[in-house]
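A.B. asks: Protein chains in written order, with the numbering used here: chain A, 1 to 329; chain B, 1 to 329.
Simulated from the structure, these hints should not be mistaken for laboratory data.
Treat the numbers as computed from the prediction; the structure is a model and nothing was measured.
Even for Gly, the Cβ is constructed at its ideal location relative to N, Cα and C.
Any given hint might turn out to be false.
A few chain B residues that don't get close to chain A, going by computed Cβ distances all over 10 Å [said to hold, decoys possible]:
hint, residue
1, N22
2, R41
3, V43
4, E59
5, V77
6, I82
7, G89
8, L90
9, V94
10, L144
11, T164
12, V182
13, D289
Anything over 12 Å on all C-beta distances counts as not near chain A; from chain B, calculated [unchecked claim]:
hint, residue
14, D17
15, A50
16, V140
17, S147
18, G165
19, H166
20, D178
21, K217
22, K284
23, S294
24, D303
25, H322
A short, non-exhaustive set of chain B residues, derived as facing chain A with CB atoms under 8 Å [to be verified]:
hint, residue
26, V38
27, I97
28, D118
There are 2 protein chains.
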Amino acid sequence: MDPEDLNIPPMKDLTIDNITENTVVINSQGSDQRLTYVMERLVSHLHDFARETRLSTTEWMAALNFLVKVGQISTDVRHEFILLSDILGLSLLVDAIDHPKPPTSTEGSVLGPFHTHDPPVIDNGSSMSSDPEGEPCLVVCTILDQSGKPISDVKIDIWETDSTGHYDVQYSDLQSPDGRCVMKSDEKGVFWFKAIVPVPYPIPHDGPVGQLLKLLKRHPWRPAHMHFMFEKKGWDHLITALYMRNDPYETSDAVFGVKQSLIVDFTTADAETAKKYGVQEGTKLLKHDFVLVSEEETEKLRDENALKALKALGIKVKLIDHLPVPDLD
Amino acid sequence: MDPEDLNIPPMKDLTIDNITENTVVINSQGSDQRLTYVMERLVSHLHDFARETRLSTTEWMAALNFLVKVGQISTDVRHEFILLSDILGLSLLVDAIDHPKPPTSTEGSVLGPFHTHDPPVIDNGSSMSSDPEGEPCLVVCTILDQSGKPISDVKIDIWETDSTGHYDVQYSDLQSPDGRCVMKSDEKGVFWFKAIVPVPYPIPHDGPVGQLLKLLKRHPWRPAHMHFMFEKKGWDHLITALYMRNDPYETSDAVFGVKQSLIVDFTTADAETAKKYGVQEGTKLLKHDFVLVSEEETEKLRDENALKALKALGIKVKLIDHLPVPDLD
């Protein structure tokens, strides 16, 4: 690039007081308005953070070294940056912004770092866990729209730990996926499967995120839960989880995922249910209805929320592809 | 940890509007007031960034994947996170906060990602570059205090690229350090050495930081410069660089390091100088005085700046180890 072609003010003698505006200017040369806006907000907050803390060189270097470690421990199956985002409350926040839910629908929860893309596809009635130490349970669910009509043909990802609180991918000698599956809802919106009763477990805390939690005197535990993810064209992608009532970590989830509406009770299968689903009488039973929202309604709600929130902040924006950019007109 | 022992409000049903205060509370259980304050500011800015951009799940995931890549390309000799901090203006800002300079002293500049800890120690008159393609130069410097008195026995790190614009550590077949050295100032505060005339060069742009620059339509170039770092007990650590006047990238340095007071002119050695320093007449010559500030004066200035800046922001603080924490008294 010929420096003569640059259309920016001279970047020289930058100080605590003018570095931000200059960085914003040099980052604003492209035509992608959304990228320009996101970078402007990022740089402003990053610099304000340093200015308001009077961040020292030693702290800055410690933070960069921490981030290097977070990156280097990450693998295809260990997403330490997702974990970091989770414990900082960012994951919950982004989900809440991007997937607003009308009161009549199922709320979202955090994705967490353990979702994978290669689980076995199973049919109604199959088991998704092979752990003989786990307490067997039967899970019977229906997917509905907000008017109570069943939604068929939804792709459902389900994942949970084994009875020791570990996901399959946490075992280095893993042969094949376990404790996870993909299902499709039938014409009545139903999907049902056999699993094990979830247990509380600590998020991986042998890495940098664990060290940070320890420094902050925070425990790494998550209350017992089972993850669910729902996908169907025309319906808003729903990432959620069901939490077992009265878990000791119900009110101190390390990743802020618990919502009252997602706390469920396990009952036991009576004789009729046991016979119908081919399990032993007395087997732990979880019955739940999930309510999806159309993509159209979610987009409308997201747009309304965005415009309202930014107006309240005094930021004049317009939406491009449902995402705000400054309205300079 | 027994969840019964926790002294925090129930972390449940967290929303766009209450996730921040709750994350701050759970992060405030330790006794390290500085850590609590830094985390409070970090979480507040991180969440405000997401709220003000209405960050989408897709953008969030792209950002996390970007950070993973920044961590994974990093090695002992490739500090991609420093590079990221550099191009975002954060490095310059932190240096300006942590190393305030009175007007009579030498200004600081960015450390950059290429400083190493094992350069050869050389004596006055030695050469620190073996590149036969480089244009030889003689560098004669004095280190002074603000009253003009020489400072002896200062440890000086010096590093520059070769004539192709690459630091030694960028060569995978590097046998021993080149283009870098450590010196000591003599009793007259003088150090002098042979080097090559610096050339402009692009920062490493074959990784994620380079991709970001490209997205932002920014060039990766730095104007020609030579790095210097000064250390002596009782004196503020000075990280700086000297920039060659009229470099094509003088006003658009990719990492914002240039300051008017650090731009220098190369002259040529006359017969007397050539004889004195054992170089050929006409050899390029750089003469420069560096002025250090005492640690005591820097600390005083840093404290004053911090209290003044935070007062202006309406944040009531006290200083612990010269770093601000909220003053709750």
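A.B. asks: Each of the hints needs a verdict: does it hold here or not?
C.D. replies: For each hint, the structure was consulted:
1. N22: violated (7 Å)
2. R41: Violated, since 5 Å does not exceed 10 Å.
3. V43: Not fine: 6 Å to the nearest Cβ puts B/V43 too close to chain A.
4. E59: violated (7 Å)
5. V77: Nearest chain A Cβ is 13 Å from B/V77, so the label holds.
6. I82: Check fails; 6 Å does not lie beyond 10 Å.
7. G89: Given a closest Cβ separation of 4 Å, the condition is violated.
8. L90: It is violated; B/L90 is separated from chain A by about 6 Å at its closest Cβ, not greater than 10 Å.
9. V94: violated (5 Å)
10. L144: Its Cβ never comes within 10 Å of chain A, the nearest being 22 Å, so this holds.
11. T164: holds (19 Å)
12. V182: Holds: least Cβ distance 20 Å, greater than 10 Å.
13. D289: Given that every Cβ of chain A is farther than 10 Å from that of B/D289, nearest at about 20 Å, it holds.
14. D17: violated (9 Å)
15. A50: violated (5 Å)
16. V140: Since the minimum Cβ distance to chain A is about 26 Å, B/V140 lies beyond 12 Å and the statement holds.
17. S147: Non-interface label on B/S147 holds, nearest chain A Cβ at 25 Å vs cutoff 12 Å.
18. G165: For B/G165, whose nearest Cβ neighbour in chain A is about 15 Å away, the distance exceeds 12 Å, so it holds.
19. H166: Non-interface label stands for B/H166: nearest chain A Cβ at 19 Å, farther than 12 Å.
20. D178: holds (25 Å)
21. K217: violated (4 Å)
22. K284: It holds; B/K284 is separated from chain A by about 23 Å at its closest Cβ, greater than 12 Å.
23. S294: Since the minimum Cβ distance to chain A is about 18 Å, B/S294 lies beyond 12 Å and the statement holds.
24. D303: For B/D303, whose nearest Cβ neighbour in chain A is about 9 Å away, the distance does not exceed 12 Å, so it is violated.
25. H322: violated (8 Å)
26. V38: holds (5 Å)
27. I97: Result: holds, 5 Å to nearest chain A Cβ.
28. D118: Status violated, d = 18 Å.
Hint check: violations occur at hints 1, 2, 3, 4, 6, 7, 8, 9, 14, 15, 21, 24, 25 and 28; the rest are consistent with the structure.
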